[in-house]
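Enquirer: Since chain A is already given, all that's left is putting chain B on it; use the hints.
Heads up: the protein sequence lines correspond to chains A and B, in order. Take 571 as the starting number for the first sequence in our numbering and just add one per residue. Take 46 as the starting number for the second sequence in our numbering and just add one per residue.
FYI, nobody ran anything at the bench for these hints, they're computed from the structure. A virtual CB, placed ideally from N, CA and C, is assigned to each residue, including glycine. Take these hints with a grain of salt, some might be off.
Claimed, not checked - Here are the simulated DSS-like pairs of lysine-lysine, each with C-alpha atoms no more than 30 Å apart in a straight line:
#, chain 1, residue 1, chain 2, residue 2
1, A, Lys714, A, Lys698
2, B, Lys351, A, Lys696
3, A, Lys698, A, Lys645
4, B, Lys351, A, Lys714
5, B, Lys445, B, Lys460
6, A, Lys645, A, Lys881
7, B, Lys239, A, Lys714
8, A, Lys894, A, Lys615
9, A, Lys833, A, Lys933
10, A, Lys698, B, Lys351
11, A, Lys840, A, Lys741
12, A, Lys645, A, Lys619
As the list claims (entries may be wrong) - Just the calculated beta-carbon pair ranges, DEER-fashion:
#, chain 1, residue 1, chain 2, residue 2, range
13, B, Pro356, A, Gly781, 38 to 48 Å
14, A, Lys744, B, Asp210, 48 to 58 Å
15, A, Lys744, B, Pro356, 51 to 61 Å
16, B, Thr212, A, Gly746, 38 to 48 Å
17, B, Gln142, A, His811, 18 to 28 Å
18, A, Gly781, B, Pro176, 19 to 29 Å
19, A, Ala927, B, Thr226, 31 to 41 Å
20, A, Gly781, B, Pro167, 26 to 36 Å
21, B, Thr280, A, Ser667, 39 to 49 Å
22, B, Pro167, A, His811, 39 to 49 Å
Stated by the list, open to error - Here are a few chain B residues that face chain A, going by a calculated C-beta distance under 7 Å:
#, residue
23, Ser113
24, Gln120
25, Tyr124
26, Gln127
27, Phe128
28, Phe129
29, Ala130
30, Thr140
31, Gln144
32, Asn147
33, Leu151
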Amino acid sequence: MKTFVRRNRFNTLLISLLILSIMLLTACDSNANTGGNLPSGAGGKGCTKVGVLLPDTNVARWETKDHPLLIQAIKTSMPNVQIDYNNAHDSSDTQLSQAETDLANGDCILVVTAHDSVAAAAIVAKAKARNVPVIAYDRLIQSKDLSYYVSFDNVKVGQVQGQYIADHYQKYQKEGAIPNIVLISGSQTDTNALLFSMGMHSVLDPMFANGSLKYISETFTPDWNSSTAQAEMEAALADQHNNIQIAYVANDDMAGKVIAALKTVNLNGKVLVTGQDAGADAVRNILLGQQNMTAYKPIAREAQSVADLVKALSNGSNINTLTKGITTSTFDGGNIPSILDTPVTVDRNNIKSTVLADHYLVKEEICNGVPAGTAGIC
Amino acid sequence: MSISQHAPSPLRRLSLTARFSALLVLAVVLPLLITVVGSELILRPTLLSQSATEMGNDAQVHAQAIDSLFIARLQNIGYLRQFFAIQKYLSGDETYQLQAQNELALGYHLDANYSNWSLFDPQGKLRLSYPAPPGARGKYTIPPEIIDQLHNSNRAMSSDVYYDDNTHMAFVDIYAAVTSTDNTLLGFERSTVKLSEIWTAVNNETNAVSGSYAMILDNHGVRIAYTNTDTTLTTLPQGLFKSVAPLSKDFQQRVSDENLYGNNHQPVTVATDSTLTTMLQDAQAPTTFQFTPALQNEAFQAYRVKCQTVPWTYLVLRPVNTITKAANQQDFYLLLIAAVITLLAALVGLVVGRSITRPILQSVSSLLASSQMLKTQASREQVKATEQKWIVESSQVGLKSVQYYTEAASVAAHKLNEMSGELAQKWGALDIQRTQQRLGEIISTANYIEKAISHQEKSSKSLSTAIRITTQVTEQLVEGATSANEAASQLETVIEQLRQVVGK
Chain A
571 MKTFVRRNRF
581 NTLLISLLIL
591 SIMLLTACDS
601 NANTGGNLPS
611 GAGGKGCTKV
621 GVLLPDTNVA
631 RWETKDHPLL
641 IQAIKTSMPN
651 VQIDYNNAHD
661 SSDTQLSQAE
671 TDLANGDCIL
681 VVTAHDSVAA
691 AAIVAKAKAR
701 NVPVIAYDRL
711 IQSKDLSYYV
721 SFDNVKVGQV
731 QGQYIADHYQ
741 KYQKEGAIPN
751 IVLISGSQTD
761 TNALLFSMGM
771 HSVLDPMFAN
781 GSLKYISETF
791 TPDWNSSTAQ
801 AEMEAALADQ
811 HNNIQIAYVA
821 NDDMAGKVIA
831 ALKTVNLNGK
841 VLVTGQDAGA
851 DAVRNILLGQ
861 QNMTAYKPIA
871 REAQSVADLV
881 KALSNGSNIN
891 TLTKGITTST
901 FDGGNIPSIL
911 DTPVTVDRNN
921 IKSTVLADHY
931 LVKEEICNGV
941 PAGTAGIC
Chain B
46 MSISQHAPSP
56 LRRLSLTARF
66 SALLVLAVVL
76 PLLITVVGSE
86 LILRPTLLSQ
96 SATEMGNDAQ
106 VHAQAIDSLF
116 IARLQNIGYL
126 RQFFAIQKYL
136 SGDETYQLQA
146 QNELALGYHL
156 DANYSNWSLF
166 DPQGKLRLSY
176 PAPPGARGKY
186 TIPPEIIDQL
196 HNSNRAMSSD
206 VYYDDNTHMA
216 FVDIYAAVTS
226 TDNTLLGFER
236 STVKLSEIWT
246 AVNNETNAVS
256 GSYAMILDNH
266 GVRIAYTNTD
276 TTLTTLPQGL
286 FKSVAPLSKD
296 FQQRVSDENL
306 YGNNHQPVTV
316 ATDSTLTTML
326 QDAQAPTTFQ
336 FTPALQNEAF
346 QAYRVKCQTV
356 PWTYLVLRPV
366 NTITKAANQQ
376 DFYLLLIAAV
386 ITLLAALVGL
396 VVGRSITRPI
406 LQSVSSLLAS
416 SQMLKTQASR
426 EQVKATEQKW
436 IVESSQVGLK
446 SVQYYTEAAS
456 VAAHKLNEMS
466 GELAQKWGAL
476 DIQRTQQRLG
486 EIISTANYIE
496 KAISHQEKSS
506 KSLSTAIRIT
516 TQVTEQLVEG
526 ATSANEAASQ
536 LETVIEQLRQ
546 VVGK
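Extracted from the complex, chain A is given alone in its bound form (with noise of 0.2 Å):
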């Protein structure tokens, strides 16, 4: 009998060890597939924490402007708003896991400058899934579900610099020649280069047609990338023997470069250069002659609308009092409200009365290494 009980213990022994071991063994995997359940944004009803994600480094605007007047215009909508900022460094992917980071760490509104319009779908798609409104500040992203653009009218961006070369270009004019043009966009994967094309097109298109330009070519800059920039125009001013009077440059930085490029031919102050950003090395550069202008986009004004449209969706007050109606089309259908503002035209005529007036600059920034007197500004 007692033989039997010990031997009962012991097989009873045995078949717990076996259970425990494999409990163990299956407590060893039982984190593996853990996932999370991250909090639902409730459509940005009553959030206080905003996700800003901006897309590089490459253009200053980012990290000089926008960075520092998002935070302060959000902030002083909503004094008790927790802001995750990120940059993505020129990277789809990194754009993507510093979305997903804000999403798991709660941010139930992400204002988002896609790094690449197409790829940032992801980011909506994910948003979406938590019911966290994404909006896009600046660049368009292609998604039916994305909930909110702001912007500039970025057609009108292109408009405004092909009117400064249409309303400019006969100063280039040499010997009654045709003036050469260059057109510089920007990144192909960016939906608002073709738009600020689009609109360039809009005005230059009828002179090329009439022969009061000469087209020239046109090349599209991966990433905005200044140095491409510079490179594009090395080649242009090399394949036309530096017959070129007239260069379409769509942004500031790239604008330095090419400027920089026209300087190795001398040819700097001669060339109409356009740009865009009202940039401070952009302003010098118009101050000094080198650039004529640039599309300013008043980005407090930018920074501002997203600031009331994420003050709005927070307070679950009604949105269309802010987009007026105004909607942006996806490729796949989707009419995204939208707020657009309106770009204005900064040469050296006007430079005091919008980007100082505005503070957007100040005349240290501008004025270093310009002539005293200059303009009646340094």
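Expert: Just chain B now, with coordinates in the frame of chain A:
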């Protein structure tokens, strides 16, 4: 105290060394066996699940890449059709021809996969193209079905898949209607996109896992991309442009008329696959499943993802045996380790068991010897005791004989006394005959006494001998007891040794 008798258990039949070795083997092998069981219960399903997740990610990434590519291409044409010179040229202003061509070139250079950009009038007649006039689509410049759709929709759209015999590459056309500001149809813009990136991605699927491959099925069930195992890419993959089920007659006619899938070069045939056919027909079909695909001879795990921008399904397929290979390998190695460890444990068990049992066995031998000695001693003593018993019995018989003769001598002496007294009293009164008779009786009695004394003497001698022998036997028994005592001492020593071995 009672000692119960049990039937020996089967285990007890084994030697202590064997049992010790077996226990050691069990102690070592049991965790490994638990691991193998765990592997079967947990690792294998986990591997399948992980693989499905991996394949899912892979398929998702590729499907998203296809979507991104087409979104970008649709976006390109969506914006390019709004370019001023293109609209003006299609509206009939020939002065915009050069700039319209520049804008077609602009579109062409937006992506390396573009092979052609063209403008058509509302009837589908070619107006302008870059870099060269495009080839026909079978019997047509633009298939009539597409012209109909473009007349009714302002959205950009993509065609079915074509195959270019010259470049050995599949392509699709993306169309968009070009309209004026007052929404009048001016014509159509078409970009032709090579599928080289997509085919490359599908071909690269072999890099994931050995034997894995991918395919893309269009909405007609035709495999429009299929992993090419020919790394030189000089031949087309076996499954390319084969449908998973017979095509409808209408669509067969379209394939022929529009030269879809390079039908004129190599007619589209059927490689029946009922699983894929069902999958295409059933929107609720699972995203991951196992089956043996057409043109394959083994079971594959498949993961499918539907593209959003084009009616295509991206399928990633991996041989099931490569997925569970890790588990199989692990099981194999665990069993191998278990076998080696079992052998080692058995050997160690034997060595250790022997070192433990050696003193026990020595003690057992000593016990056996002592037992044998005791047994011999006991049998000797038994013999001696039997002898002694016999001697005692003989002595008793001798003693009885002595007593008998003593009593007989005593009776005879008494009778002699009586006869002597009678003779003395009646001397003279007795006749001679009677006297002689009495004397004769006295002489006989005397003789009898003499004989009795003689017998007594003999019996005494026998008793003396018996006493001597008994003394000798007793000495031997004392000697035997001493030996038994010594054997008992030896047993005590052995027991002490066993206690030392057992540890009590």
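Enquirer: For which of the previously enumerated hints does the structure constitute a violation, in increasing order of number?
Expert: Structure breaks no hint.
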